[in-house]
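Those protein sequences? They're chains A and B, same order as listed.
Per the numbering used here, the very first residue in the first sequence carries number 1; after that it's consecutive.
Per the numbering used here, the very first residue in the second sequence carries number 1001; after that it's consecutive.
Heads up, some of the hints might be wrong.
Unchecked claim - Here are the computed lysine-lysine pairs in the DSBU-like style, where the Cα-Cα straight-line distance is at most 35 Å:
| # | chain 1 | residue 1 | chain 2 | residue 2 |
| --- | --- | --- | --- | --- |
| 1 | A | K122 | B | K1038 |
| 2 | A | K56 | B | K1118 |
| 3 | B | K1149 | A | K56 |
| 4 | B | K1091 | B | K1118 |
| 5 | A | K122 | B | K1149 |
What the hints assert, rightly or not - Here are some chain A residues pointing at chain B (derived, C-beta under 7 Å):
| # | residue |
| --- | --- |
| 6 | F36 |
| 7 | F37 |
| 8 | A38 |
| 9 | W59 |
| 10 | Y60 |
| 11 | Q61 |
| 12 | G63 |
| 13 | V64 |
| 14 | V65 |
| 15 | E119 |
| 16 | L121 |
| 17 | T124 |
Since the hints were derived computationally from the structure, they do not count as laboratory data.
The C-beta atom is built at its ideal place from N, Cα and C for all residues, glycine as well.
Chain by chain, the residues run as shown.
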Amino acid sequence: MISEDKEHRQYKNNLHLAATTAAAAAMVNVAGVMVFFAYTSNITGHVATLAEELVKGHWYQAGVVFIWLFMFFAGSFLAQFLITFFEKYGPYLSHATPIILESLGLLAIGIYGHLFYTESLKETEILIASLIFCMGLQNGMVATISNNQVKTTHLTGLITDLGREIACVFFKRYRTQIMMEKIKLHFTILSCYLGGGILGGYFFIAYDFQVFYMVVAILAFVLYADFNSLLLDKSYNLVKPIVSVLKDDEEDNL
Amino acid sequence: MSFILRNRISFIIFAILLFLTSGAFVLAYYFNPERMIKGKWVETGWSYENIDKRSFLYRDVHMAHKHESESWRFLDNNQLHFYNGEDVAAKATWRIKGRGHVLQLTYEDGDMELYDIKELNDHELILNFDIGMESRGIARLVFTKVANK
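Just chain B, same shape as in the assembly (with noise of 0.2 Å):
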């Protein structure tokens, strides 16, 4: 440490690299995602993009749980309430992996699936349905928040 404070370049980068570091701290604790997508969220689009240029991804995109719920729920307990009106349709557990960026639910079956987090902020969620690393946007899901609890 004394090597550092007795050196100018060396305490240089060593502040900005504090500096940087504890900024990125700081956003990726106000911004959390996990703590962003709890709530109530409306569902105002779901759309199918693609499925016309290339055939094959047509099979993938049935993978998908049809979702009939009207608005869905992440619950602090890692549930997820699917409604349809006031009533509970279905029940599923979500995550959030790799850098905020996937959602992952687990249903009730033991199905899994894996959206890809297009956007999250205080009011609006867009997913994709994620048939793999590489292919994106096949199913399209937008949501209103409503409600933060």
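Bound-form chain A, shown alone (with noise of 0.2 Å):
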């Protein structure tokens, strides 16, 4: 999932990737919406809404908005940042990086929401902020990750081109497999969206901020599987050449 670079990403890295993320991004969005009720991971309503706040001459809400919004750009930001900055040490370091931030930021919001959120609004600012920034986060490593072509914290996008693409299907000249296979990967965020999000709702009910526990599991899953086979991948290089010694040996005896 996150091994590969830009360059040598292969269609399924990407199909991985967008189905785990996007379940974990929808995961946390309906939990802040339960909790919270502010929306963490789609922020173009927060846009209309500073809007109006603005308009209105409501500076305390405007002000709160702002600052998620930025909460947004700075985690986004950050996720660029360290995936360029930790390039030398290979793909799999500089794109785990923003992940292991991710999981440390839910982890804490998850242990602070389960042991110590006594509900004042302070502390369901700074939570949402928190939130948000590691759905920047997300998003932004996601995106540079893919090279532009997974996002998986928000489906207006997503929707947008599923509609044109479906569309583009009717028409026989436009029906290749790179259209099919944008479908299936449009549908495939889709889908694990809406999984994650009911998922989300219903270990939200049933176990309050633990919930954010699962979503930390989902990382690490992400962060697992590539790392095991990057430890089978170094072990058979180890052990090749060895193993083509010991073949030349049995076709010499032969």
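Two chains, two frames, some hints: make the complex.
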């Protein structure tokens, strides 16, 4: 999912990354709405809200929404910055850094919410800002890794693309394999987002803030899946010379 | 940090962001809804809107507690007292959520109500009984502030 760089990425890498991160984003978004009454993974609505609050002269609300918007920007900025900064250490480490940071952030939010949250407005606003920051980090990371092929924290653009792509399917000259792959990718994101949202809502009702530990578990799986295959590759590279020597010996004996 | 100071464009962007963020924090502190809502508010209006237009919403309006009280007092410890004259008629716990636009009341019997804060300043409080993220303007309560404590 994350061990391939832009030039060497395959379709399935993006598909797996999209499915897991879309589910994680939806769980965070639904939990945020249920506990804080604010969306945390899609910010288009916040831009409209900012304009509305400014027009009404609600400076407090406008200030809060401005900070939330800034946090999404900051998350995306940091994701790109970290990936570029750690590029020299290989794609896995540079791509994993924002995910590790996001996981730590969500873990901290889960622990704080579970053990210390007193429902004050200040806490609520800071926790929403932190969740929005994590989602900005995730969206920036996924967009950078997939070369802008995938964005998983909001669906406006995705449903627009899906509508256009399905319209194209009606015309034979556009019914290419690439087009079908795009539709499959977008349907996967959509269904994983919906599934993640339902699961997030269900687990939030049952386990409260502990739902964020499940999101961390999904992100840990993303890190582990590639780390494991990377280890296998490295181990194979280590034993490869011995295997080839053994093979040569066998051939000589024959 | 030294990179930001050396590069003029980075410095300007950083300065603008710092200015805007500081301004937002100052405004956020001064107009804090948790500070503004504290005190005694007298109910000057209680109306139902839209119920004739969409009958299925009528049922939801009745989910709201029928407030017989004349005034509400929001206390420091997140307690809310409903007054009938000088007597406390009922009690609840209040919390403000979201961007300061949702008032959550939890009654002593465990019932919970959500209100959309349509207006909150030093003189006026307008609440809409909230039955969902997208449905607004069903039951409207208008208050005027009579005491800061």
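For a quick check of understanding: which of the numbered hints are violated here, in increasing order?
none
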